[in-house]
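For chain U, the structure is supplied; the task is to place chain A on it using the hints.
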Amino acid sequence: NAGVTQTPKFQVLKTGQSMTLQCAQDMNHEYMSWYRQDPGMGLRLIHYSVGAGITDQGEVPNGYNVSRSTTEDFPLRLLSAAPSQTSVYFCASSYGDRRKTEAFFGQGTRLTVV
Amino acid sequence: EDQVTQSPEALRLQEGESSSLNCSYTVSGLRGLFWYRQDPGKGPEFLFTLYSAGEEKEKERLKATLTKKESFLHITAPKPEDSATYLCAVLRRGKSTFGDGTTLTVKP
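Top to bottom, those sequences are chains U and A. Here this note's numbering runs 1 ahead of the position in the first sequence, where the first position is 1. Here this note's numbering runs 164 ahead of the position in the second sequence, where the first position is 1.
One thing to keep in mind: the hints can contain errors.
Within a straight-line C-alpha distance of at most 20 Å, the following computed EDC-like cross-link-like pairs (lysine to aspartate or glutamate) qualify [said to hold, decoys possible]:
no.: 1; chain 1: A; residue 1: Lys227; chain 2: U; residue 2: Glu103
no.: 2; chain 1: A; residue 1: Lys221; chain 2: U; residue 2: Glu103
no.: 3; chain 1: A; residue 1: Lys223; chain 2: U; residue 2: Glu103
No lab work stands behind these hints: they were computed from the structure.
Next comes chain U alone, as it looks inside the complex (with noise of 0.2 Å):
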């Protein structure tokens, strides 16, 4: 099982330039969302889906756009990188279901904006 995966692992952007984070998940999970993890912090959700075509904001959603066209894949789009955006990233996904929703994470994307 691949679960969920993230590409590319590491990342090294210059100001202004922008790129997407992908996430694709093998389980047909309903629940999607993307997550920074700053040193020393929890994960601060950025978006998340609760299925194809749904797509809502998180927490830290500014310069951040995603969409949902399929159940497997839920990509990250940074418009126009700024130093503040270097963290580490992490894809998660779950069930909807009521007794079903502890989440599977990817392994995460370190990136850096210079």
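For chain A alone, coordinates are given in the frame of chain U:
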């Protein structure tokens, strides 16, 4: 706004020295409280889900409990391999809110 606060931020134990980690939360319409373990350089790994006050779950040396305002992760006779950051999260309407975590170090 949903809030999750974990304490302590860091905990150092000797092997075999039992202790507890705390997670206090403020959320209306809680659908679940989750505990995850995170090792350096890796994504969080699921440990437990608790759904209602009074519920308890156990796995090896770990036991999670839940009240209406907080959850505890009890670690009994820890081993060095239990060293990790432990994250607590609450779920409401498909949206998870995480605490900042407790970093546990167990010395042999």
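Pair hint A/Lys221 and U/Glu103, alpha-carbon separation not exceeding 20 Å: OK: A/Lys221 and U/Glu103 at ~14 Å, within 20 Å.
Please work out if A/Lys227 and U/Glu103 have their alpha carbons no farther apart than 20 Å. Since the Cα atoms of A/Lys227 and U/Glu103 sit roughly 17 Å apart, the hinted pair holds (cutoff 20 Å).
For the pair supplied as a hint, A/Lys223 and U/Glu103, is the alpha-carbon distance within the 20 Å limit? With a Cα-Cα distance of about 16 Å, the restraint between A/Lys223 and U/Glu103 holds, given a limit of 20 Å.
Every hint, counting from the list given before, is met by this structure.
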